[in-house]
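Heads up: the sequence lines are chains A and B, in that order.
The first sequence begins at -19 in our numbering and counts up one residue at a time.
The second sequence begins at 390 in our numbering and counts up one residue at a time.
Read the hints as simulated data drawn from the structure, not as lab findings.
Quantities reported herein were computed from a predicted structural model and do not represent experimental measurements.
Beta carbons: idealized from backbone N, C-alpha and C, even for Gly.
Check the hints yourself; a few may be wrong.
What the hints assert, rightly or not - Facing chain A, a subset of chain B residues (Cβ under 7 Å, in silico):
#1 PRO410
#2 TYR421
#3 LEU428
#4 TYR435
#5 ALA452
#6 ARG470
#7 ASP471
#8 ALA472
#9 PHE490
Claimed, not checked - Derived pair list, reagent style DSSO-like, types lysine-lysine, alpha-carbon separation capped at 27 Å:
#10 A/LYS37 / B/LYS492
#11 A/LYS49 / A/LYS37
#12 B/LYS458 / A/LYS45
As the list claims (entries may be wrong) - The calculated label-pair distances, taken between Cβ atoms and stated as ranges, are:
#13 A/LEU21 / B/ASN412: 34 to 42 Å
#14 A/ASP18 / B/SER398: 13 to 21 Å
#15 A/THR(-7) / B/ARG466: 44 to 52 Å
#16 A/LEU21 / B/HIS465: 26 to 34 Å
#17 A/ARG89 / B/GLU434: 35 to 43 Å
#18 A/GLU(-19) / B/LEU428: 28 to 36 Å
#19 B/LYS492 / A/LYS37: 20 to 28 Å
#20 B/THR415 / A/GLU33: 42 to 50 Å
#21 A/GLU59 / B/ASN446: 23 to 31 Å
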Amino acid sequence: EAQVTQNPRYLITVTGKKLTVTCSQNMNHEYMSWYRQDPGLGLRQIYYSMNVEVTDKGDVPEGYKVSRKEKRNFPLILESPSPNQTSLYFCASSYGTGGYEQYFGPGTRLTVT
Amino acid sequence: DAKTTQPNSMESNEEEPVHLPCNHSTISGTDYIHWYRQLPSQGPEYVIHGLTSNVNNRMASLAIAEDRKSSTLILHRATLRDAAVYYCILRDVPRDDKIIFGKGTRLHILP
Chain A
-19 EAQVTQNPRY
-9 LITVTGKKLT
1 VTCSQNMNHE
11 YMSWYRQDPG
21 LGLRQIYYSM
31 NVEVTDKGDV
41 PEGYKVSRKE
51 KRNFPLILES
61 PSPNQTSLYF
71 CASSYGTGGY
81 EQYFGPGTRL
91 TVT
Chain B
390 DAKTTQPNSM
400 ESNEEEPVHL
410 PCNHSTISGT
420 DYIHWYRQLP
430 SQGPEYVIHG
440 LTSNVNNRMA
450 SLAIAEDRKS
460 STLILHRATL
470 RDAAVYYCIL
480 RDVPRDDKII
490 FGKGTRLHIL
500 P
């Protein structure tokens, strides 16, 4: 089954404790993105990757890092999480840009205390 | 980065057609218009996309204005399961993949 998976689905952590949210897709997609969703603010893009070893900032990259060492995986790294990063995070992938649809993961709900 | 504007919320009766508008006055010639929807407690899912011509699929129709500065997502016969937040976004080819979702339109379906 074609899918985007994220782990963990739920995470409660404390300020400053490094964490990684994994994202994996099995569709051989070139393009991957991370979004955060907060009440009243909609979906905002954090980082995107157009190919292996190619990443770029989205709208709200501050406080986040990403890596794309292999095509299928695109982990989101919070090196020193803060309470304002409490949010619902979605990973997405697509074969290309322009006329290609994005497939979204189920989401990761992160709480930083 | 091109942006879109949508009404915050809309309401429709069950089994009636729904027309969801989207304005994108700064659209570029290579921007595709995409629609996604997000059901409660789920990730966004693709609905439809187009470039210049109107498009139909099993879920919906997309009507694109001749000047491409606006578009309308049409749900031909709304059901309670269509209650969701609908997002209209633009996606360019292939300079970068910056995508701005905005807040979308929350669609309420009345039984």
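Violations among the numbered hints:
As far as the earlier hints go, 1, 3, 5, 6, 7, 8, 12, 13, 17, 18, 20, 21 are violated by this structure, in ascending order.
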